[in-house]
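Line by line, the protein sequences give chains A and B.
The opening position of the first sequence corresponds to residue 1 in our numbering, with each subsequent residue numbered one higher.
The opening position of the second sequence corresponds to residue 301 in our numbering, with each subsequent residue numbered one higher.
In short, the hints are calculated from the structure, not lab data.
A few of these clues could be false.
Distance ranges between label pairs, derived from CB positions [unchecked claim]:
# : chain 1 : residue 1 : chain 2 : residue 2 : range
1 : A       : Pro58     : B       : Gly610    : 36 to 42 angstroms
2 : B       : Gln482    : A       : Asn245    : 38 to 44 angstroms
3 : A       : Lys197    : B       : Asp486    : 54 to 60 angstroms
The following residues of chain B were derived to be distant from chain A, with all beta-carbon distances above 12 angstroms [to be verified]:
#  : residue
4  : Asp321
5  : Val352
6  : Arg373
7  : Pro490
8  : Thr505
9  : Arg580
10 : Gly639
Just so you know, even glycine gets a beta-carbon here, dropped at the ideal spot from N, CA and C.
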Amino acid sequence: MATQPFTYEISRGFLPGHRACAGCGQAAAVRLVMEVAGTNCIVVNATGCLEVFSTPHPESAWGVPWVHSLFENQAAVASGIEAALRKQGKLDQIRVLAFGGDGATIDIGFGALSGMFERGHDVLYICWDNEAYMNTGVQRSGSTPYAASTTTSPAGRASFGEDRPKKDLPAIAAAHGIPYVAVASMSYFADLKRKVKKALDIRGPKYMQVHVPCPPGWGYDEANTVEIGKLAVECGLYPLVEWENGEVTRVRKIKQVPVEDYLKVQRRFRHLMRGEAGKAKIAEVQALADENIRKYSLVD
Amino acid sequence: MRKMIEGSRAVAEAVALCRPDVISAYPITPQTHIVEELSQIVADGELDAEYVRVESEHSAASVCLGAVVAGSRAYSATTSQGMLLMVEVLYNIAGMRLPLVITGVNRAVSAPLSIWNDQQDTMAIRDTGWLQLYAENSQECLDMHLQAYKISEDDRVLLPVMVCMDGFILTHTYESVDMPTQEQVDAFLPRYNPLYKLDPADPYTLGGYIGPEKYQEVRYVLQQDCLAAKEVVKEVARDFQKAFGRWAGDVIEPYQCDDAEVILIGMGSVVGTLKDWADRRRAGGEKVGVLKLRCYRPFPADELVAAVSGAKQVIVLEKAVSVGGYGIVAAELRAALHGRVAVPVACAVAGLGGRDITMGTVDEMYDRARAGESDFFAGLRAEVLEEG
Chain A
1 MATQPFTYEI
11 SRGFLPGHRA
21 CAGCGQAAAV
31 RLVMEVAGTN
41 CIVVNATGCL
51 EVFSTPHPES
61 AWGVPWVHSL
71 FENQAAVASG
81 IEAALRKQGK
91 LDQIRVLAFG
101 GDGATIDIGF
111 GALSGMFERG
121 HDVLYICWDN
131 EAYMNTGVQR
141 SGSTPYAAST
151 TTSPAGRASF
161 GEDRPKKDLP
171 AIAAAHGIPY
181 VAVASMSYFA
191 DLKRKVKKAL
201 DIRGPKYMQV
211 HVPCPPGWGY
221 DEANTVEIGK
231 LAVECGLYPL
241 VEWENGEVTR
251 VRKIKQVPVE
261 DYLKVQRRFR
271 HLMRGEAGKA
281 KIAEVQALAD
291 ENIRKYSLVD
Chain B
301 MRKMIEGSRA
311 VAEAVALCRP
321 DVISAYPITP
331 QTHIVEELSQ
341 IVADGELDAE
351 YVRVESEHSA
361 ASVCLGAVVA
371 GSRAYSATTS
381 QGMLLMVEVL
391 YNIAGMRLPL
401 VITGVNRAVS
411 APLSIWNDQQ
421 DTMAIRDTGW
431 LQLYAENSQE
441 CLDMHLQAYK
451 ISEDDRVLLP
461 VMVCMDGFIL
471 THTYESVDMP
481 TQEQVDAFLP
491 RYNPLYKLDP
501 ADPYTLGGYI
511 GPEKYQEVRY
521 VLQQDCLAAK
531 EVVKEVARDF
541 QKAFGRWAGD
551 VIEPYQCDDA
561 EVILIGMGSV
571 VGTLKDWADR
581 RRAGGEKVGV
591 LKLRCYRPFP
601 ADELVAAVSG
611 AKQVIVLEKA
621 VSVGGYGIVA
631 AELRAALHGR
641 VAVPVACAVA
651 GLGGRDITMG
661 TVDEMYDRAR
671 AGESDFFAGL
681 RAEVLEEG
């Protein structure tokens with residue numbers, strides 16, 4: 001079967017020339033999302049890499065109206081914009097998107113995000129999950145995976161790095177009973193774009209969490225971003241699941257590669273590649289992937 | 301039309317007359333009656349507004365920020381802990397030059413926990429870039445809200461305004477107020493027409509990152525515009541008089557100051573007490589006057605200096621304290637007077653956490669200031685201090 005070549009479009013919403021690092025998974029994912037979202041939308045952006053690399057005054061990579069306020073209030077600002085558009089009678093024509101990194105979303109902005117879900121605002125919230133506070137120098141967030149070494153959960157003689165698993169925000173979002181929740185990865189372009197299109201066709205609050213590999217934060221060659229993102233999905237650590245009204249409606253099946261294939265190519269897991277204790281930790285990470293595989297039936 | 305209503309109701313009706321598109325608030329005593337009344341006004345269909353019931357004051361301010369940046373008029377009210385939770389957003393709203401009105405109900409700040417009145421909360425946010433107007437009575441609360449939107453949305457200002465009113469003393473008491481009609485308010489306050497907003501037809505990037513090469517200039521312009529807003533406050537007061545037939549404005553209001561040897565300065569509801577006290581002293585032949593500081597931000601330094609330049613002494617009554625410093629208004633007044641007029645300024649901190657300011661309290665601050673004390677707490681209870 002002939003494979004369809006991926007066609008590259010320049011998004012008019014998010015333009016080239018910004019200052020993201022080479023190989024930035026987030027920048028690529030934003031471009032893909034904005035290709036679908038078009039220009040009839042308003043973007044609210046939390047403080048973070050995306051804000052800093054796309055809007056250093058007087059430059060801007062944004063071809064759509066875009067606003068940044070603070071680190072933790074993007075869901076509330078988006079709620080206010082949505083309320084204003086509703087009052088102005090423009091909500092049928094303009095889509096509101098709110099963007100935040102995993103720190104902004106899963107940690108500091110979590111209360112505001114939950115409030116936005118519960119009140120039913122017609123907003124698509126997208127969390128760019130690169131699994132640590134990358135903008136400030138790779139500090140641990142609630143989304144940092146088990147056993148990852150960060151600058152505040154470093155591996156050391158008495159530590160294997162992060163000692164807690166990721167907070168499962170997609171499941172928490174789904175528990176709000178909102179119409180649509182989707183986990184995506186920047187490495188699966190068509191899947192990501194399909195989910196964005198689906199989300200934008202649904203009225204009410206939507207949550208998407210997009211896995212975006214980070215070359216300097218994770219420690220890998222910037223040419224390998226897409227491959228690393230695929231390994232995360234295919235080993236079961238980052239299951240691509242969709243929920244509608246609180247129920248799982250679709251999962252992407254995986255090849256089930258060993259987690260070690262994903263871990264060994266990243267500096268943040270390098271400390272696991274030594275000795276029996278390292279092997280035991282890898283087994284624990286494998287158990288987390290196995291649990292995802294079981295819970296979401298990721299393998300036929 | 302004259303009405304006998306609670307101060308909170310007067311504010312709610314005044315805000316409704318300003319036709320906000322979006323209201324967002326989080327309940328906190330003693331702000332609650334204002335937002336309850338507004339909820340009812342919206343629920344009864346008397347005001348067509350989106351009422352966003354948020355999960356925190358931080359989000360209430362953020363919802364208002366979003367509404368204004370999308371081109372709508374917004375409103376919120378808060379007090380004390382809620383105001384402190386908003387602080388980060390308050391700085392942001394002013395820095396982004398977004399017009400907004402919030403009622404700052406004055407309440408003590410924890411710890412210890414107190415729901416009662418003082419002005420520690422609004423004094424704590426004095427450096428945010430918000431204009432601050434302090435109301436003496438219900439009528440002034442009402443009038444200030446109408447003026448606040450007009451000041452805030454003026455192209456020369458584009459800064460948020462906080463109308464400060466003493467918790468319980470003003471929010472929960474009934475007074476007779478003159479409530480204007482919708483037609484009068486519509487003529488005075490046109491629809492909000494922003495210079496910049498989020499619009500896909502004309503996309504702007506707002507709130508972006510700025511480096512050391514320009515940040516300081518942006519803050520300088522903010523400072524200059526905030527200082528210059530003083531003239532707009534006065535101008536709007538004149539417009540208000542034309543529209544509603546009563547004078548309710550200016551940045552300061554002198555009472556019996558023309559020949560006064562001692563001038564007492566206060567903000568908010570306590571000014572009524574001070575005026576009454578001055579009347580009694582004047583009846584005894586003492587030349588005392590009262591100066592109401594109505595607009596605290598921007599700080600009307602020139603007006604204050606001119607108003608007290610003929611006095612022998614000034615006593616500032618402060619319902620807040622800069623812990624480790626002393627009275628905040630007194631410090632700013634002394635700085636304004638420095639090198640211009642040599643009049644001594646005493647500072648009496650009083651009325652914290654709902655402690656009544658009685659005629660006796662004012663007598664005490666007057667006597668102690670006259671005896672040479674410059675910074676002190678008035679109305680302290682010795683028996684409580686002795687409890688240890």
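Which numbered hints fail = 1, 3, 4, 5, 6 and 8
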